[in-house]
Each structure stands twice: as C-alpha cells, then as structure tokens.
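Undergrad: Each chain, letter by letter, is given below.
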Amino acid sequence: MSTSRQSEPDDPSANEKWAASLLLDCAKAISEKDSSKIHQLLWMLNELASPYGDCDQKLASYFLQALFCKATESGERCYKTLVSVAEKSHSFESARKVILKFQEVSPWTTFGHVASNGAILEALEGEAKLHIIDISNTYCTQWPTLLEALATRSDETPHLRLTVVVTVSMGGSVMKEIGQRMEKFARLMGVPFELQVVRVASQLGELKEEDLGLREDEAVAVNCIGALRRVGVEERGDFIRMLCNLRPRVVTVVEEEADFTSTRSEYVKCFEECLRFYTVFFEMLEESFAPTSNERLMLERECSRSILSVLACDEDGGGECDRREKGSQWCARLMEAFSPMSFSDDAIDDVRALLKRYRSGWSLLPAQGDDSGLYLTWKDEPVVWASAWKP
Amino acid sequence: MMKGDFEVVHGAINLVQPSETWDYTPAGFPVPHHISNPPTSPTARPVLDGHCTNTDLSDLIMEQVASPFSEASPSTTNGFPMDTSALPTDNITTSPDEYRSRKAPRRVYERTVCGSGESRSSSKSLAERDHEHGLNMITLLLECAVAISTENLPQANRMLLELTQMASPYSASCAERVVAYFTKAMASRVMNSWLGFCSPLVPHKSILSAFQAFNNISPFIKFAHFTANQAILEALHQKERVHIIDLDIMQGLQWPALFHILATRADGPPHVRMTGLGTSMAMLEETGRQLSNFARRLGMSFEFHPIAKRAGDVDPSMVPSQRGEAVAVHWLQHALYDATGPDRNTMRLLELLAPRVITLVEQEMAHTGSFLDRFVESLHYYSAVFDSLGMSLPFDNPGRHRVEHGLLSREINNILAIGGPARSGEEKFVSWRMELACRGFVQMPMSGNSMAQAQLILNMFPPSLGYTIFQGDGTLRLGWKETRLYTASAWTTRPTR
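Heads up: the sequence lines are chains R and H, in that order.
Its first residue numbered 7, the first sequence is counted upward by one per residue in this note's numbering.
Its first residue numbered 32, the second sequence is counted upward by one per residue in this note's numbering.
A hint or two may mislead.
For the chain R half of the interface with chain H, some residues (derived, Cβ under 7 Å), not all of them [unchecked claim]: (1) 49; (2) 52; (3) 88; (4) 92; (5) 297; (6) 300.
For the record, the hints were derived by calculation from the structure and aren't laboratory data.
The beta-carbon is built from N, C-alpha and C at its ideal position, and this holds for glycine as well.
With the hints as constraints, model all of the structure from the sequences given.
TA: Structure follows, in structure tokens:
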C-alpha cells in the first residue's frame with residue numbers, strides 16, 4: 007500500500023495505519039468527554055471499518071464496536087449478548103476445527119503446550135500416579151502428545167488422572183465430546199486414564215481445593231494456559247496461593263504477552279496497549295491463514311469479545327475477567343508462592359523443533375534478568391510467555 | 032484535531048433525520064414482477080457442499096421476502112427482552128414513535144422456480160441443521176430490517192449482534208455471504224442513525240480497483256458498455272464531429288472499444304470530443320491521458336475535458352456544445368457513490384444538451400424510497416449477483432471475495448444507508464427511463480446488433496446458462512436466471528420543429 011503524503015480528502019484510508027490513528031484519537035476524545043469529536047471520529051471509523059477487509063479495516067471494526075459501547079455505556083449488555091450467541095452456535099466440531107487449524111498454521115498455542123509438557127514430564131518423572139489439573143483454553147489439544155510420551159518413554163506406564171477445569175467461556179459446553187475422545191485416545195495409547203471435569207459456575211477465582219478431589223498418593227501438576235488472566239485482578243494473589251496449597255510438583259503457566267491490568271484505570275493507556283497487542287495478533291493471523299479462512303474469522307470474533315470486555319466493560323460488570331499481564335508481572339506474583347523452574351535443554355530443543363515446522367518469523371527468547379520463562383516471538387516481538395514453577 | 036490529511040467530504044456534516052421522508056408513488060412504469068399466488072411453504076432440501084450451495088437458501092430468501100410483512104413491531108425473539116434503554120435516546124433524532132403503515136414492497140417477487148439441487152449431502156442431520164441455521168439467519172435478518180424501518184434501534188442492534196456471529200462472508204453458501212454483508216450494512220446504518228451524520232466517505236482508489244475486478248469476472252459491466260456503444264455507434268453514424276459525455280467516466284473502460292470501431296470506420300474516424308465527469312480530478316486527468324494516448328495510436332483526432340463534479344452540480348456553461356457536433360450522453364447507474372447529485376438538475380442539463388443519443392444502463396433495484404423497499408429489492412438483487420459469482424468461482428477464491436467485499440458490499444452499504452446511496456436528502460428519481468419519457472425524450476429501441484453484442488459477451492463467460500438476456504419495451508436486460516439486474520436503453524431528443 008502506497009503512503010501518499012498528500013492523500014485525497016475523500017480517502018483517509020490511503021494513509022497507512024489510518025486505523026490506529028483514528029482509534030487512538032477517539033479513545034482520547036472519549037476519555038476527555040469531547041462529544042462532538044467522539045461523534046466525528048465514530049462516524050469516520052464507521053465509514054471505513056469492515057470485519058472482512060484488511061487488517062486496518064478489521065481492527066477499526068472491532069475497536070469501533072468497543073468504543074461505541076463505551077460511549078453509549080452499553081458494554082456489558084453487548085458483551086453478554088455476544089457471549090450467549092457464541093455459546094449457542096458453539097459446537098464441538100466448530101471449536102475443534104478452529105483450534106486444529108490454528109495449530110496447523112501457527113505455533114501460538116502449541117509453543118506453550120510443548121514447553122509445558124516438557125516441564126511436566128520432567129517434574130513427574132518416575133511417579134506412578136499422576137494427576138494433572140488442566141486449566142486452559144485449548145480444548146485438551148495439549149494432552150495427546152503427553153499421553154504418547156508417557157506411553158513410550160517410561161518403563162512402566164504411569165496412571166494419569168486428568169482434571170479439566172472449565173468455565174462457561176472456556177469451552178465448558180463441549181467438554182463431553184472432548185472427554186470421550188481423550189478417553190478413547192488414552193485407551194489406544196495404553197495409558198491408564200481417568201478424566202474428571204470440574205465446572206466453575208462464574209469466576210475462575212472461585213475455584214477451591216475441595217472442588218478438585220485430590221488424592222493422597224498422586225503427584226500433582228497444575229497446567230495454566232491462558233487461565234490466570236481470567237482470575238479477577240484482586241483475586242490473583244489468593245488464587246496463586248490456592249494453587250500452592252495443592253502441593254504440586256510443578257505449575258506451568260502460559261500467558262499472552264500484553265498488559266491490560268496495570269493501566270486499567272487509565273483508559274487511553276489501556277486502549278493503546280490493547281490496540282498494540284491485537285494489531286500484532288491480527289497481523290499474525292492474516293499472514294498465517296488463507297485470505298478467506300472461516301477459522302481465522304472465528305478467532306477474530308473471539309478477539310472482539312475480549313476487546314469489548316477490556317475496553318467497554320467495568321471490572322465488576324459481571325462479565326468474565328480477561329485482563330492479561332506480561333510475563334514479568336506474572337513472575338512477580340508467582341515468586342510470592344513458588345520458585346522458578348527452568349526448562350531443560352531437551353524441552354527447549356523440542357520447542358525449537360516445533361518452530362521449524364512453521365513459516366518463518368517465529369523464534370524463541372529466554373526471559374531476561376530476574377524474570378523467568380521463555381518467550382515465543384513473532385517478528386522479534388515477544389507474544390507468548392511460557393514458564394514453569396515449583397513450590 | 033485529526034492526524035492525516037483528510038477532511039470532511041463536501042464540507043458540511045449534515046444532520047439528517049433518520050426518518051424516511053422520501054415517499055414516492057408507485058410508478059406507472061410497468062412492474063416486471065407480480066405475485067399472483069401466495070408462496071408455498073419451503074420443503075427441506077439437502078444442502079450441497081463444495082461449490083455454491085445457495086439454491087435452497089436463496090429460495091428461502093425469496094419466499095420470506097415475498098410474503099408481506101405482517102408485523103411492524105417485532106416481538107421478542109430468542110428470549111431477548113424488549114430493552115429500550117440501551118442507547119441514549121436524546122442522541123437519536125427520531126420520528127414519531129407511532130406505528131406507520133408500511134408500504135408493501137414496490138416489487139414483490141415470484142418464488143424462483145428452481146430445482147437444480149443435486150443432493151450430495153453427507154448426513155441428513157447435518158443438512159437439516161444447516162437448513163435450520165439458514166432459516167434462522169434469514170428470519171433474523173428480515174426482523175432486523177423491520178426493526179430498523181420502525182427505528183427500533185436497540186432491538187435492531189441486538190439482532191445484529193447475533194447475526195454478525197452467525198453469518199460468514201467466506202461461506203460456501205451464497206445466501207450466507209449475502210446475509211453477512213447485509214448485516215454489516217445494517218450495523219453501519221444503525222450507527223449512522225445514532226450519530227446523525229450522513230455524508231459518505233468515498234475511497235475512490237479501492238472502489239475503482241474493485242470495479243475493474245468485477246468487470247473481469249462478471250459480464251454485467253461489459254454488457255452495459257458494449258450494448259451502449261452499439262447504440263452510440265448507430266446514432267453517430269456518418270457524423271463528422273462527435274461529442275461524447277460520460278456522466279461517470281471512472282477509468283473510461285468503456286471507450287477504447289468504441290474508439291476502435293470509430294477509428295476504423297469506412298468513411299474515416301470522426302473528430303471526437305469527450306467530456307468525462309467524475310469525483311476526483313486527479314483520476315479524471317489520468318483517464319484522459321490514457322484515452323488520449325489510445326486515440327492517438329488509432330490515429331483518431333481526440334480532445335478530453337474533465338469535469339470533477341456530479342452531473343447535477345454542473346453548470347451547463349461548463350459543457351458547451353459546438354456547432355455541427357452530434358452529442359452522445361452515457362450513464363451507467365451504480366450504488367458506489369452518488370454520481371449524479373440533484374437529479375432534476377441532471378435532467379435539465381440533458382434537456383439543454385439535446386443529445387442525439389442518451390444511453391442509459393440502470394440497475395433494476397430501488398435506489399430511493401423507504402428503507403424496507405430498498406432492503407427487499409436489494410436483497411433480491413444482490414442474492415442474484417452473489418449467486419452468479421458463486422457459479423463462476425469457488426467459495427475460497429480471494430478474487431471473488433475482493434469483488435464481493437470491495438464492490439458489492441459497498442453498494443449494499445449505500446443502498447441501506449439513510450436515504451440510500453446519495454445520503455443527501457436531495458430528490459432522486461425512482462426510474463430514469465420514466466423520467467426521460469416524461470421529459471419528452473424518445474426511446475430508441477435497442478437494435479438487433481445490440482442484442483448480438485450482448486450475446487457475444489455472454490459467450491465469453493462459461494456458465495452462460497445462468498445469465499439471461501431479456502428483450503422487451505425496447506430495452507435490453509441482463510439478468511441472472513429469473514432476476515433482471517441491468518437494463519440498457521437508448522433515447523434521443525425529440526426533434527423540435
């Protein structure tokens with residue numbers, strides 16, 4: 007796209023990165039309560055935005071929705087409607103199709119899986135009874151590889167109990183089919199297997215030790231993928247302490263690298279960070295998928311719900327929390343109850359091998375300084391953080 | 032204030048009442064379609080996979096659309112409460128809240144007679160589920176349109192939220208793609224109703240490139256160009272000096288073909304003066320350069336005059352006629368932006384020009400009138416266009432997506448916007464053919480040669496089984512199956528004395 011210095015007055019979209027410019031101006035206008043400017047910018051965005059166009063048009067479309075809801079104070083209602091509609095049209099087949107395709111074209115989720123599995127296998131080496139508590143948003147796609155490793159690696163295949171913790175927005179509705187498939191697969195692999203599903207009614211932060219049904223003789227691993235960010239900000243400390251009380255051998259934490267938490271009282275700063283993160287994500291999606299991919303569209307729509315939740319809903323608005331924090335922030339929290347565990351060379355090799363299977367642009371970056379963990383980078387920008395912790 | 036070099040189009044931000052103030056009386060012009068029998072209930076039909084699967088769902092659209100709307104106030108659907116407090120009402124300029132009797136759609140559509148559903152469905156339950164999904168989408172779409180037409184914006188907004196999650200523009204089903212774009216247009220409309228602004232932003236570059244792409248994959252534009260060129264050729268027979276005025280020249284794709292024929296005329300090429308109207312002077316000048324180069328290569332004497340104005344804003348003195356010149360005026364109607372401005376003025380200009388021939392190609396759909404009328408007609412219209420694209424290209428073809436998104440979606444957006452494509456409150460003609468007839472222009476029937484041109488173009492496109500040419504009332508119409516989409520006609524000034 008050519009950047010014309012003197013763009014036609016009729017064609018603001020000829021400017022590169024026009025969306026970011028208009029969106030930020032609108033966010034500022036909203037925080038300054040400049041009514042006429044808000045109207046002007048919403049109008050322009052409405053004219054230029056499209057959820058089916060290029061990256062700028064898509065970002066404009068989804069962020070416009072958030073801005074509009076913010077300006078009309080209809081965020082919660084809008085979010086609730088979107089979530090309930092998504093739930094209705096959500097099916098096992100559709101969810102499966104989307105995530106499998108995503109994993110095929112991008113290491114965004116598989117990076118965390120490979121790193122975490124490496125840490126879990128290492129920590130549970132030699133144990134006969136394993137209990138993995140899985141709090142993640144990837145529909146158990148992590149576990150087949152682990153089951154395979156358990157079946158082929160150890161002399162005596164251990165018994166694996168898998169507890170999957172779900173909330174409504176984290177795939178609760180499709181667990182039945184997923185569970186059946188997991189059981190079948192484990193049987194195929196010859197791994198003694200037990201599955202239980204724990205449904206948390208509303209907020210993930212309400213999960214209690216008693217809900218998990220721990221047994222005396224098992225070695226526990228807790229796997230949190232995109233989970234901690236769904237715990238209410240004020241409750242994160244308690245949640246981490248609760249995890250510690252489970253006396254796990256290892257806790258694996260994978261989160262996306264963005265900070266919507268420390269800025270949550272400053273609208274414009276939070277907006278900027280949100281826009282930054284989703285610009286990277288959408289660009290990554292555009293480069294990874296075919297131009298007319300339905301799966302990519304589903305992922306984009308999921309993003310739009312998150313964007314709405316962060317930018318147009320109040321903390322206690324009743325929507326589920328979705329406030330990301332960066333790796334260094336999670337480190338600070340986790341260090342209160344755990345000590346960092348570094349990934350073994352084998353695990354890191356596995357991750358490197360994984361990245362080779364995808365298009366170029368992806369790389370690894372170990373955490374710097376006091377922080378622990380491993381970053382997945384896309385075009386040199388850290389996007390996903392994976393870490394392992396022990397008590 | 033804003034970064035970048037853009038400013039508000041046309042200077043003023045008009046606060047326009049979102050209420051439909053443009054009533055019209057049904058034209059005396061013959062209505063092509065009539066419903067005589069009430070539609071029968073749809074039977075479950077298996078869904079095709081792979082290539083376009085829309086035959087069954089398009090039928091559903093037609094059936095739903097053909098039955099007159101019974102209720103203006105939508106009942107609660109899907110358990111959504113009737114919540115009227117979602118949007119601050121003081122910001123919405125509303126018309127009186129009472130129920131207004133709707134006009135029945137100007138054209139009601141016969142059920143498309145279709146039966147070409149090869150059933151290759153994998154499992155009955157999947158097909159039934161898809162069918163139900165399709166029905167739900169269309170029902171919701173129609174209810175949403177009714178909500179907008181009665182300005183129940185909160186209700187419409189809620190339904191749109193649902194619709195946006197249900198329909199994908201990348202679907203194998205043409206009907207679902209249509210729903211996705213109609214949903215997008217209505218969402219945009221709801222926001223504009225709330226904002227109270229109306230003037231559109233027109234990104235000309237991307238429109239032109241989408242227009243060209245459409246021209247490449249579809250015969251409609253070529254049909255317009257070639258049949259009009261034929262009529263112009265016949266009218267300019269043996270004329271030495273000609274003045275061609277294109278009311279919306281864009282990139283002038285039409286003219287090289289005509290120049291070629293004029294240049295190789297038996298009695299030598301005429302001197303051609305061309306006046307091109309458009310919205311962007313830069314683009315007009317570029318078009319002029321291209322056409323001049325082409326004419327020069329053909330050895331044809333040629334002058335080009337750009338006018339960066341809409342036809343209705345043109346002062347007739349800007350288009351002076353020269354003695355001994357035969358004047359041809361051409362206009363291809365579209366909904367990408369308002370090309371003509373105040374239609375009365377355009378008509379006055381035409382009268383003053385007193386052309387030897389006016390070639391007109393109109394879209395068979397309402398560009399003006401009540402929201403519901405525009406909605407119903409455009410749904411029918413674009414379903415047919417999307418169907419035709421679906422037959423030519425697979426559902427995941429990026430070129431097809433570019434045309435649907437960059438061109439057709441834009442038109443749909445404009446048709447459903449407040450006041451239609453013009454969005455200006457200026458009075459727009461319902462039917463140009465009717466207006467020309469009323470103003471004393473004489474229709475010249477499209478000749479057999481024009482018909483031959485149309486036929487030739489169709490033969491260029493493989494699935495020519497779907498495209499249909501209708502001939503009647505002196506016009507030539509190109510359509511898709513039963514739906515007439517573009518009508519070409521030619522007119523001349525009644526000789527005085």
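Undergrad: Against the structure, test the hints numbered earlier, and report the numbers of the ones violated in rising order.
TA: Per hint list: zero violations.
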